[in-house]
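Novice: Residue numbers (the numbering used here), protein chains in the order written: chain A, 1 to 171; chain B, 1 to 242.
Please keep in mind that the hints were generated in silico from the structure rather than gathered at the bench. A couple of the hints might just be wrong.
To be verified - Below are the DSS-like pairs computed for lysine-lysine, each with C-alpha atoms no more than 25 Å apart in a straight line:
id	chain 1	residue 1	chain 2	residue 2
1	B	K10	A	K160
2	B	K132	B	K119
3	A	K160	A	K135
4	B	K138	B	K105
5	A	K135	B	K10
6	B	K150	A	K135
7	B	K105	B	K119
8	B	K164	B	K145
9	B	K208	B	K152
10	B	K132	B	K145
11	A	K10	B	K208
12	B	K119	A	K43
13	B	K9	A	K160
14	B	K150	A	K149
15	B	K150	B	K105
16	B	K9	A	K149
17	B	K145	A	K43
18	B	K208	B	K150
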Amino acid sequence: MNEDIFKKIKKGNKEAFRHLYDEYVNYAIRTAKAITRNEELAKDAVQETFIRVYRNISSYNSTLSFGAWFYRILVNECNRLLNKEKKTIPIDPSSVEMLEASKEDATDLYEIIQSMSDLYRIPLLLKYIQGFSEKEVAEILDLNQNTVKSRLFNGRNLLKDQLALIEMGGK
Amino acid sequence: MDQMDERAKKEILKHTEDSSNTLQEDIWNHIDQELFQEKKGKKKSKIIPIIIVAAAVVTLLFSTQTDTGMAFIKQIKDLFVPEKQITQSIEGTEEETDVILQEGKNSEYIIYIDEERYKLVQGETFDIITTKEPLEEKYPEVSMKIEQFKDKTSEEMLAMLEVKLPTEYTNVTATETVQDPLEGYKLHGISGSSWDSPVTNVYILDNKNGGSFVITEKYFLEAAEGHGARFYAMLQQFEIIQ
């Protein structure tokens, strides 16, 4: 994403913003779906993220990569909507399209990741979906890079163990 | 990336595919409506120019107790409906609330107040909106202070408050430029993460006359979606009278 686009967006240029939207929306939706496990919440989170990005683009500071800044807003928005949803429980289970998987039911790596605690789940999702580096995941989640490194390491080990169990069960 | 990582990536992407193919366009339509269509149709200036300069001078010279002062207040009030209903989102639920027109110190701004819950108290140097009924002692302060600094620009106030706020709150987030509920700078601070942790939002806006308005909200974490949301909705009705 070049500086020119940001300048145009700051001036309110809709085409420039649409360009940014087209570039980011696909993976933003995937990330939000994976974090919220709910298509409706994911849609709201992505929508609100782009609105916030547009309205606050002048406060974006280039010491952080735009991707990290964007995904920080997205992850915060997903968490905000999930917290809001928790407060208004009971949730009608039929309305939740992607329920949390349990370890016992997990049959593929996606489900294994979804059965993990957010501590490991979210860094792993960011790493796998967008290919973010440890440094970028740390920037997005506002964590120390070593913390992220250890969470990714532990998360991957959990993933390996569960995968081995599934494969043993299949044989 | 090893084989497991590649497989994990592939499976995540498969599970998060846009099955409908319409989601991206749906989201864009909402964004377009919110950011670009409303702007064309509904967006109004937060500054209400009133060509009654003479009356403004008179107001500064005479207190609101004089007949002339009172007449000016009436002229301002006549420009706005005295009472209206707003829709605000409180804890995820849309709520219709009746709000009453109030003018601030020296009639330099107007705001609509939810008078069922709050009152506007005019002070010597600032106005403050507080709960109508005093809160129990266990609750931290809930208030919204509106103060004008006629000789300090919003940038000058921002520089001062960016230094001051971290001395009062343990966690102060990066300054944002916001359009909602007001156009200006927003500072946010919080101390702690328990239900009663004090929270502040400070909005700094240009008074379009070389000075600035500073609006300081104070509430506590658990009240973010209650008092916090109500303050937000009231601020959306704030207008500077120039």
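Novice: So, for every hint listed, does it hold in this structure?
Specialist: Taking the hints in turn, this is what the structure says about them:
1. Distance restraint check for K10(B) and K160(A): the Cα-Cα separation of roughly 16 Å lies within the 25 Å cut-off, and the hinted pair is therefore satisfied.
2. With a CA separation close to 5 Å, the supplied pair K132(B) and K119(B) stays within the 25 Å bound.
3. A threshold of 25 Å between alpha carbons decides the hint, and for K160(A) with K135(A) the separation of about 23 Å falls inside it, so the pair holds.
4. About 31 Å separates the Cα atoms of K138(B) and K105(B), which puts this hinted pair outside 25 Å; it is violated.
5. With a CA separation close to 23 Å, the supplied pair K135(A) and K10(B) stays within the 25 Å bound.
6. Using a Cα cut-off of 25 Å, the hinted pair K150(B) and K135(A) is violated, with the two alpha carbons roughly 45 Å apart.
7. Restraint check for K105(B) and K119(B): the C-alpha separation of about 14 Å stays at or below 25 Å, so the hint holds.
8. Using a Cα cut-off of 25 Å, the hinted pair K164(B) and K145(B) holds, with the two alpha carbons roughly 16 Å apart.
9. The straight-line distance between the Cα atoms of K208(B) and K152(B) is roughly 11 Å, inside the 25 Å bound, and the hint therefore holds.
10. The hinted pair formed by K132(B) and K145(B) meets the criterion: a straight-line CA distance of about 15 Å does not exceed 25 Å.
11. For the suggested pair K10(A) and K208(B), the alpha carbons sit about 21 Å apart, so the restraint of at most 25 Å is met.
12. The hinted pair formed by K119(B) and K43(A) fails the criterion: a straight-line CA distance of about 38 Å is larger than 25 Å.
13. Taking the CA atoms of K9(B) and K160(A), the gap is about 14 Å. The hint holds against a cut of 25 Å.
14. In summary, the hint linking K150(B) to K149(A) is not supported, as the alpha carbons are separated by about 51 Å, beyond the 25 Å threshold.
15. Of the pairs offered as hints, the one joining K150(B) and K105(B) holds, with about 13 Å between alpha carbons and a cut-off of 25 Å not exceeded.
16. Proximity of K9(B) to K149(A) is assessed by CA-CA distance (about 18 Å); at most 25 Å being required, the pair is judged to hold.
17. Note on K145(B) and K43(A): the hinted pairing is violated, with a Cα-Cα distance of about 36 Å set against a maximum of 25 Å.
18. Taking the CA atoms of K208(B) and K150(B), the gap is near 10 Å; set against the 25 Å cutoff, the hint holds.
In this structure, the hints that do not hold are numbers 4, 6, 12, 14 and 17, in rising order.
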